[in-house]
Amino acid sequence: MTTSPVPPAASPSPSSTPTPGVPDRAPRVAVLAGGLSHERDVSLRSGRRVAEALRSSGVEVSVHDVDADLIAALTELRPDLVWPVLHGSSGEDGSVRDVVQLLGLPLLGTGPRASRVAWSKSIAKTLVSRAGLVTPEFVTLPQSLFRELGPARVLSAIVERLGLPVVVKPSRGGSALGVSVVQSPDDLARAMVECFAYGDTALIERAVSGVEVAVSVVDLGDGAVALPPIEIVTDGPYDYDARYNPGRVEYFAPARLSDATRAEVERVALVAHRSLGLTRLSRSDLIVDTEGVVHFLEVNVSPGMTETSLFPQAAEAAGHNLGALYRSLVEASLAAAPVGLEPVPAP
Amino acid sequence: MTSQPLPRPETSGTPTSSAAGTRLDPWLGSYAERTHGMRSSEIRALFAVANRPEVVSLAGGMPFLDGLPLDALSQVAASVVAERGLQALQYGSGQGDQTLREQILEVMALEQITAHPDDVVVTTGSQQALDLVTRVFVDPGDVVVAEAPSYVGALGVFRAYQADVVHVAIDEHGLVPAALEETLAALAAAGRRTKFLYTVPNFHNPAGVSLALERRPQILEIARRYGVLVLEDNPYGLLGFDRDPWPALRSYDEDGVIYLGSFSKTFAPGYRVGWAVAPHAVREKLVLASESAILCPSNASQIAISSYLSTCDWRGQVKSYREMYRERRDAMISALSEHLPEASWTVPDGGFYTWVRLPEGLDARDMLPRAVTARVAYVPGTAFYYDGTGADHMRLSFCYPTPERIREGVRRLAGVVSGERELVELFGTGGGASDDDVVSPAPNIP
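Going down the list, the protein sequences come from chains A and B. For the first sequence, this note's numbering gives the first residue as 1, with consecutive numbering after it. For the second sequence, this note's numbering gives the first residue as 1001, with consecutive numbering after it.
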């Protein structure tokens, strides 16, 4: 999977004034894509798109799978920056990011600790609600608890408390894998079975109906800013099929929101980004209910970058050339990134 | 990457808002109806891990080629270019290379087929022959009768031509004659036109069973009585583990059978050379259809295979494949007996696959993410049915992994089954997930 670096195309116009940390040659970036998660396929596609865009803006790129050759390749290559375009498990739970830092290499994006927090949807929801955001009421339950307490009682308590419909999803995971919207109590057990096939902990939250919006956030060195919100209109659930097969989803970029609501969804995404300690880029998935209240659902530290993904759509809606934007992310990371392990926070 | 195509009207079945939304595909309103279902699915995406070495893939159908005599083959390839380069690199006949067609007769003689070289149409793998036969015979809504389960690649072709596939039961001896009779009678009574019976009589994919010798004439007789052509797909026929090849259906009936053969399993799939043997009028149509699809099969591939057949010990190669796959079958069956006694399975006497019935209540599709987490892959049984049934089965292939890896894969699978079983017992439910259309792995998945 490791590809040899491809000579970059002629650089359009890298910034003329030298920036500390940014080499005065084409930066060399190692893109990590693939891995062994359920989202390997999506990650490979995202990684290829990111690599192509970076090359088009004069960055020297190599693409690496997360496998037994990775550490040797990174050690030998000593790239200026590592960009994990990994989705699911080790790519987003912080562990691969930990290893990159162990190797003393700078990382593009959120560090391992904040990744670990954002990766757990329930922890992220708890933290953002402490920061004042609204998030649908939820419970997080491991499979073992159903065994101990008996599923019928637990499920009926869920229905009683959260009402229906509810959304059942793996507490950790992406691309809507293992996600069900449950309308009737009879379907809840089945949704749990589907969810637990992907992981041992389920997050069950009250389903909020309204306008589904994704807000991407970038930080090019001058602080985090929100890109135009993208509105997602589907003929059914925004599931794997809808996400990666064009046709079932209609996207509106920017979302058809009033100025006030647009400002609010952008604020929510920025609060989520900052309160979870995310770095450089993220994408928050939100719902604006019929009263105009913005509900936080989840945040992605490694948003999808495929042809049908929301982050690139938002970047283009903002007028960014993807190659130039990704290069700016690289340069901002080089200028800012501390190399090595994150300091352990004071107790 | 940032350049957008010229704005075009997006039309689709779903009403769109008046504001400017996008469905990311300007051609959405233009696709033919038959492309419905041609989309990637969650299940298919899970197969992406199968080519990682940590994963034991029991999912794919790739033959294991390591035993091929690459030195001899490189000499063959060199001599093809050195001695016949201008022919090999030129267009060829739509029907295929004459010498190769003669040699194909020798291969088929092993299954007691007698034919004339003119009866043979060389194709780009037998998959193309399947496509051509379906193109020539099937109008939208026509019935194709196929085994239950049936080869997923054939179902894909039938779907693309908008056929209506009606499955017929099989047992450990292949197609059940009484079930075929009943199905054809019911279709005739309903005024449905059955265009052909599609069957894999030897070492069935996915079921692993073979059509018993005594049933072969019975099946042909029933088909003849109902005026139904038989499409005999036989890629594995020479790969019996403990016996010589049985007579092909085509050997009993020259007029009622189209026979499909392939070098992909007995030699190498990379050349993409297969063939059809058909009654003369059908053959003429197949040649014209093939010319309109591809002009001609690859001359370079055909000449290379022809040269391989005439200069290398291809019978010895087939024998060595048989021995290798038998050892792998043995590993698979003994591992299943050891680790998965609560399941049941077919014991194939040739070919690549065993067909496993899961313990009651388990859904092979639901279980696949858990299997991927456990680093093992298989194909859920739903891939092999036209109607989304089959979730209680899975296909395990033993062609590509070594015996040791097969044992490890089955051991992992046993853990997956037991975890899923616990879950299903806990919640008292299982089965009935969404109906993905394309649930088989891509051809280059091990």
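Treat the hints with care, since some could be wrong.
[Unchecked claim] Estimated spans, in silico, between C-beta atoms of each pair:
(1) A:G319 - B:S1074: 37 to 47 Å
(2) A:G163 - B:S1337: 41 to 51 Å
(3) B:E1342 - A:P165: 31 to 41 Å
(4) B:A1190 - A:T234: 32 to 42 Å
(5) A:S184 - B:E1425: 49 to 59 Å
[As the list claims (entries may be wrong)] Now the stretches of chain A that chain B is said to cover, found in silico as 3 or more residues with beta-carbon under 8 Å:
(6) 125-132
(7) 180-192
(8) 233-245
(9) 258-269
[Unchecked claim] If we take Cβ atoms under 10 Å as the criterion, some of the chain A residues that face chain B in the derived model are:
(10) G34
(11) G35
(12) S37
(13) S89
(14) S95
(15) D98
(16) P136
(17) E137
(18) V139
(19) Q143
(20) S175
(21) A176
(22) L177
(23) Y198
(24) T201
(25) F252
These are computed hints drawn from the structure, not numbers from a lab. Fair warning: this is a prediction, and the values are worked out from it, not measured in the lab. Where is the CB? At the ideal position from N, CA and C, for every residue including glycine.
To see whether the hints hold, each was checked on the structure:
1. A:G319 - B:S1074: 37 to 47 Å: Given a distance of about 54 Å, which is not inside 37 to 47 Å, the answer is violated.
2. A:G163 - B:S1337: 41 to 51 Å: Holds, since G163 (chain A) and S1337 (chain B) (Cβ atoms, about 49 Å apart) stay within the stated range.
3. B:E1342 - A:P165: 31 to 41 Å: 36 Å, holds
4. B:A1190 - A:T234: 32 to 42 Å: 38 Å, holds
5. A:S184 - B:E1425: 49 to 59 Å: 22 Å, violated
6. 125-132: It is violated: at least three residues are needed, and the stretch 125-132 of chain A offers just 0 whose Cβ sits closer than 8 Å to chain B.
7. 180-192: It holds: at least three residues are needed, and the stretch 180-192 of chain A offers 3 whose Cβ sits within less than 8 Å of chain B.
8. 233-245: holds (count 7)
9. 258-269: Violated, because only 0 residues of the stretch 258-269 of chain A bring their Cβ atoms closer than 8 Å to Cβ atoms of chain B.
10. G34: This interface hint holds because 8 Å falls under the 10 Å limit.
11. G35: Holds, about 9 Å.
12. S37: 8 Å, holds
13. S89: Since the shortest Cβ distance to chain B is 9 Å, the answer is holds.
14. S95: 15 Å, violated
15. D98: The hint is violated - D98 (chain A) has no Cβ within 10 Å of chain B, the shortest such distance being about 20 Å.
16. P136: 23 Å, violated
17. E137: Hint on E137 (chain A): violated, closest Cβ of chain B at ~23 Å, above 10 Å.
18. V139: Violated, about 16 Å.
19. Q143: Cβ of Q143 (chain A) sits 7 Å from chain B, so the hint holds.
20. S175: Holds, because the Cβ-Cβ distance from S175 (chain A) to chain B comes to roughly 8 Å (cut-off 10 Å).
21. A176: Nearest chain B Cβ about 8 Å off; hint holds.
22. L177: 6 Å, holds
23. Y198: 5 Å, holds
24. T201: Constraint on T201 (chain A) not satisfied, violated at 13 Å.
25. F252: Hint holds; F252 (chain A) Cβ to chain B Cβ min 5 Å, cut 10 Å.
Figure legend: structure checked against the earlier numbered hints; hints not met, in rising order: 1, 5, 6, 9, 14, 15, 16, 17, 18, 24.
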